[in-house]
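Trainee: The lines below spell out each chain.
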Amino acid sequence: MKILALFTIFVLIFGTASTSLVNDAYAQNDPNILLRIAAQADEQISQQLERSYGDSIPSDIQTLHSQGQMAVVSLEKSLPDDIEQAREDFLTAMKLFQQISRIISESTTEAKITRSDISDRDLKSELNRLHKYFQNLKTVSEKQNTGIELSEIKELFILANEQINSGQTSDATQTIEEIKSLIISIKQHIQDSSSNSASDRVKKFILNQLQKIQTILDTANIDPNSSEFVEAESLINEIENLISEDKISDAKIKFGELNKIVKIIKKSIHKIT
Amino acid sequence: MNPEIVPIHRKESLGEDGILFVRTEGIIDTMVKIPLLVASMIIVAAIMPIQSSFSSPRTLDLIIYPDGSTHVSTEIDVDPFVTDYELDLFGSTIDNFVAVGENGFLLTTDVVGNFALIETFGSSVISIEYDIHDLVSKQGRVWTFSLDAPSDFTLLLPKNSAIVGMTNLPINMEIIDDKNQLTLSNGQAEINYLFSTNSIIPDPIDPVNPTSTSDYLSYALIAGVVSAAVIGIAAIIRFKQKIVKPIQDQQLTQTTQKIETIDTETIFKLNPDIREDDKEIVKFISDNGGQAFESELRKKFLQPRTTMWRAVKRLERNEIIEIEKKDLQNLVKLRKNMEKEE
Numbered sequence: 001m002k003i004l005a006l007f008t009i010f011v012l013i014f015g016t017a018s019t020s021l022v023n024d025a026y027a028q029n030d031p032n033i034l035l036r037i038a039a040q041a042d043e044q045i046s047q048q049l050e051r052s053y054g055d056s057i058p059s060d061i062q063t064l065h066s067q068g069q070m071a072v073v074s075l076e077k078s079l080p081d082d083i084e085q086a087r088e089d090f091l092t093a094m095k096l097f098q099q100i101s102r103i104i105s106e107s108t109t110e111a112k113i114t115r116s117d118i119s120d121r122d123l124k125s126e127l128n129r130l131h132k133y134f135q136n137l138k139t140v141s142e143k144q145n146t147g148i149e150l151s152e153i154k155e156l157f158i159l160a161n162e163q164i165n166s167g168q169t170s171d172a173t174q175t176i177e178e179i180k181s182l183i184i185s186i187k188q189h190i191q192d193s194s195s196n197s198a199s200d201r202v203k204k205f206i207l208n209q210l211q212k213i214q215t216i217l218d219t220a221n222i223d224p225n226s227s228e229f230v231e232a233e234s235l236i237n238e239i240e241n242l243i244s245e246d247k248i249s250d251a252k253i254k255f256g257e258l259n260k261i262v263k264i265i266k267k268s269i270h271k272i273t
Numbered sequence: 001m002n003p004e005i006v007p008i009h010r011k012e013s014l015g016e017d018g019i020l021f022v023r024t025e026g027i028i029d030t031m032v033k034i035p036l037l038v039a040s041m042i043i044v045a046a047i048m049p050i051q052s053s054f055s056s057p058r059t060l061d062l063i064i065y066p067d068g069s070t071h072v073s074t075e076i077d078v079d080p081f082v083t084d085y086e087l088d089l090f091g092s093t094i095d096n097f098v099a100v101g102e103n104g105f106l107l108t109t110d111v112v113g114n115f116a117l118i119e120t121f122g123s124s125v126i127s128i129e130y131d132i133h134d135l136v137s138k139q140g141r142v143w144t145f146s147l148d149a150p151s152d153f154t155l156l157l158p159k160n161s162a163i164v165g166m167t168n169l170p171i172n173m174e175i176i177d178d179k180n181q182l183t184l185s186n187g188q189a190e191i192n193y194l195f196s197t198n199s200i201i202p203d204p205i206d207p208v209n210p211t212s213t214s215d216y217l218s219y220a221l222i223a224g225v226v227s228a229a230v231i232g233i234a235a236i237i238r239f240k241q242k243i244v245k246p247i248q249d250q251q252l253t254q255t256t257q258k259i260e261t262i263d264t265e266t267i268f269k270l271n272p273d274i275r276e277d278d279k280e281i282v283k284f285i286s287d288n289g290g291q292a293f294e295s296e297l298r299k300k301f302l303q304p305r306t307t308m309w310r311a312v313k314r315l316e317r318n319e320i321i322e323i324e325k326k327d328l329q330n331l332v333k334l335r336k337n338m339e340k341e342e
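Chains A and B are the protein sequences, given in the same order.
Be aware that the first sequence starts at 1, since it is given in our numbering, and climbs by one per residue.
Be aware that the second sequence starts at 1, since it is given in our numbering, and climbs by one per residue.
Treat each hint with caution, since some may be false.
Stated by the list, open to error - Okay, derived cross-link-like pairs now, EDC-like style, lysine to aspartate or glutamate, Cα gap no bigger than 20 Å in a straight line:
(1) A:Lys124 x B:Glu86
(2) A:Lys263 x B:Glu86
(3) B:Lys336 x B:Glu280
(4) A:Lys138 x B:Glu296
(5) B:Lys336 x A:Glu142
(6) B:Lys138 x A:Asp122
(7) B:Lys269 x A:Glu240
(8) A:Lys187 x B:Glu129
(9) A:Lys95 x B:Glu190
(10) A:Lys180 x B:Glu129
(11) A:Lys204 x B:Glu75
(12) B:Lys179 x A:Asp122
(13) A:Lys132 x B:Glu75
(14) A:Lys247 x A:Glu257
(15) A:Lys247 x B:Glu316
(16) B:Lys269 x A:Glu43
(17) B:Lys138 x A:Glu106
(18) A:Lys266 x A:Glu231
(19) A:Lys132 x B:Asp273
(20) A:Lys143 x B:Glu129
(21) A:Lys95 x A:Glu76
(22) A:Lys143 x B:Glu316
(23) B:Lys159 x B:Asp148
(24) B:Lys313 x A:Glu162
(25) A:Lys138 x B:Asp273
(26) A:Lys266 x B:Glu190
(27) A:Lys138 x B:Glu322
(28) B:Lys179 x A:Glu43
(29) A:Lys187 x B:Glu102
Honestly, the hints are just simulated from the structure, not real lab data.
Next comes chain A alone, as it looks inside the complex (with noise of 0.2 Å):
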């Protein structure tokens, strides 16, 4: 017995001990990836430069260019063997690639992409982001056993593809309006489908709350004549006539006010002992 607990403890800590070195050596998966990105980004930065300034680049974009590519080859260099190094030079190279691509962009201003923005707006980034949420519900509606008919919707996402493939942007536009409302429609039919199972969730737990809070009041050494105990109880009460009457709402809001006035007496508890 006394060899099996010995054991046991040894299995626990080296358990212990070998999840973090694990963690640790996760942390430096293949530190190739590092020269990877950063070549690829000298590549892309190279491209942009000829682009942007053909052969008259600016000398204190070349300047930062060059200080980047030494960068990139001093990474080469560091590895497999320097890592720290190879990192430092990582850094280094992306942070000035980082500071070109600024630099080849600062003559426009920075706009940011929100859905208001319809200029960018992107139909096929749209289609597949609805086909995503979509998907989602779907899995809670056959989780369910909701029964919601799901063909029109799948028909409208084949179209909507269709649409954008073919360059009907108005078509496609109108084609995923009519696929959002209709996912509003069937999150709501999940909702009021699944809300019987829901509030049975909510009374379930909500009635074994009410029974810990009642042994906490129960067990309490306070003035059972104070007022928060009072309005504790009081609340208790009420909670459990709106769960009786089916009232779940209510009684989630009551539920709310009660942890309140039960955080008040654990403080005053903590407090005396």
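Following the hints, put chain B in place on chain A, whose structure we already have.
Mentor: Same frame as chain A, now just chain B:
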């Protein structure tokens, strides 16, 4: 159980103050009950990760679309004893928000500005997916992604995008469907990219799963722990002289009960968007008789636990596989009725 006190007989070795040297063997037995110690350690080991993991994302995956919008997908451990969970969103322009509890129920949410109030009511893990338009900005031809991430995360860049600047060291990089996917550490990250025809970063070693010497060290360590655990279990079984035969029989039955091979081509036809690395997983499961433990998949594809877990969850979302709990492990099975449902 009697502590054995052995005085040092050689008089000259006694210290000036007459210190007695005592054999320590048996002191632990006497002072502390070992089973109690073991139980305490197990409880501490079990509680520590739970305490540190509440409200912290288990996984965080981001996909950037060509128009700069970003899909966020995360799983968060939450306290099952509270009614709701307030989630900090990465911005305020949010679309397509879905929060699902661990039983697959749609959770009621209220998204206000940068926050989402989710009624968890007893869930201990919640899955959240949403689209956000605040993480990427564009200046000229250069797109900039910036995020202060609460945990390590993966970032799938759009097709034909080429990285031209970044402030952080990536943990890993993979190529998925001709797109670069970076794994980055928590904290502030900024990545600049632009669209180019020559955007895929070539990998001379292995385009899907680069493996370094440090990986082998990790696997060796894991193998060490697993071996130690296996030896320990074997010792316990031997020690207790329990009947082993029924377990062996059960294992044999389990092997023989493998479901008939499922045509992977049909699966791929029905799911044209399935990723190449996921296809390999499906093929392996199919060749394995239609089912495999997640641990087997990790061993086969030399993937970290979280990467494989995400892959399996992806396949489950696409309804290609289903996950069953068996012997405290995840048994991944190809779904038989895929065609019928479609």
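Trainee: So, for every hint listed, does it hold in this structure?
Mentor: The hints, checked one at a time:
1. A:Lys124 x B:Glu86: violated, 32 Å
2. A:Lys263 x B:Glu86: Holds, at roughly 18 Å.
3. B:Lys336 x B:Glu280: Within the cut-off at roughly 18 Å; holds.
4. A:Lys138 x B:Glu296: This hinted pair is violated, its Cα atoms lying about 29 Å apart.
5. B:Lys336 x A:Glu142: holds, 16 Å
6. B:Lys138 x A:Asp122: holds, 14 Å
7. B:Lys269 x A:Glu240: This hinted pair is violated, its Cα atoms lying about 54 Å apart.
8. A:Lys187 x B:Glu129: holds, 14 Å
9. A:Lys95 x B:Glu190: holds, 10 Å
10. A:Lys180 x B:Glu129: Between Lys180 of chain A and Glu129 of chain B the Cα gap is close to 17 Å, so the pair holds against 20 Å.
11. A:Lys204 x B:Glu75: The given pair, whose Cα atoms are some 24 Å apart, is violated under the 20 Å limit.
12. B:Lys179 x A:Asp122: This hinted pair holds, its Cα atoms lying about 18 Å apart.
13. A:Lys132 x B:Glu75: holds, 16 Å
14. A:Lys247 x A:Glu257: Holds. Lys247 of chain A to Glu257 of chain A sits at ~16 Å (cutoff 20 Å).
15. A:Lys247 x B:Glu316: violated, 36 Å
16. B:Lys269 x A:Glu43: Since the Cα atoms of Lys269 of chain B and Glu43 of chain A sit roughly 38 Å apart, the hinted pair is violated (cutoff 20 Å).
17. B:Lys138 x A:Glu106: OK: Lys138 of chain B and Glu106 of chain A at ~11 Å, within 20 Å.
18. A:Lys266 x A:Glu231: holds, 14 Å
19. A:Lys132 x B:Asp273: holds, 12 Å
20. A:Lys143 x B:Glu129: holds, 17 Å
21. A:Lys95 x A:Glu76: Answer holds: Lys95 of chain A to Glu76 of chain A is near 17 Å, not above 20 Å.
22. A:Lys143 x B:Glu316: holds, 12 Å
23. B:Lys159 x B:Asp148: With Cα atoms ~24 Å apart, Lys159 of chain B and Asp148 of chain B exceed 20 Å; violated.
24. B:Lys313 x A:Glu162: violated, 29 Å
25. A:Lys138 x B:Asp273: holds, 17 Å
26. A:Lys266 x B:Glu190: Given that 20 Å is the threshold and the Cα spacing comes to 44 Å, the pair is violated.
27. A:Lys138 x B:Glu322: holds, 15 Å
28. B:Lys179 x A:Glu43: holds, 18 Å
29. A:Lys187 x B:Glu102: With a Cα-Cα distance of about 18 Å, the restraint between Lys187 of chain A and Glu102 of chain B holds, given a limit of 20 Å.
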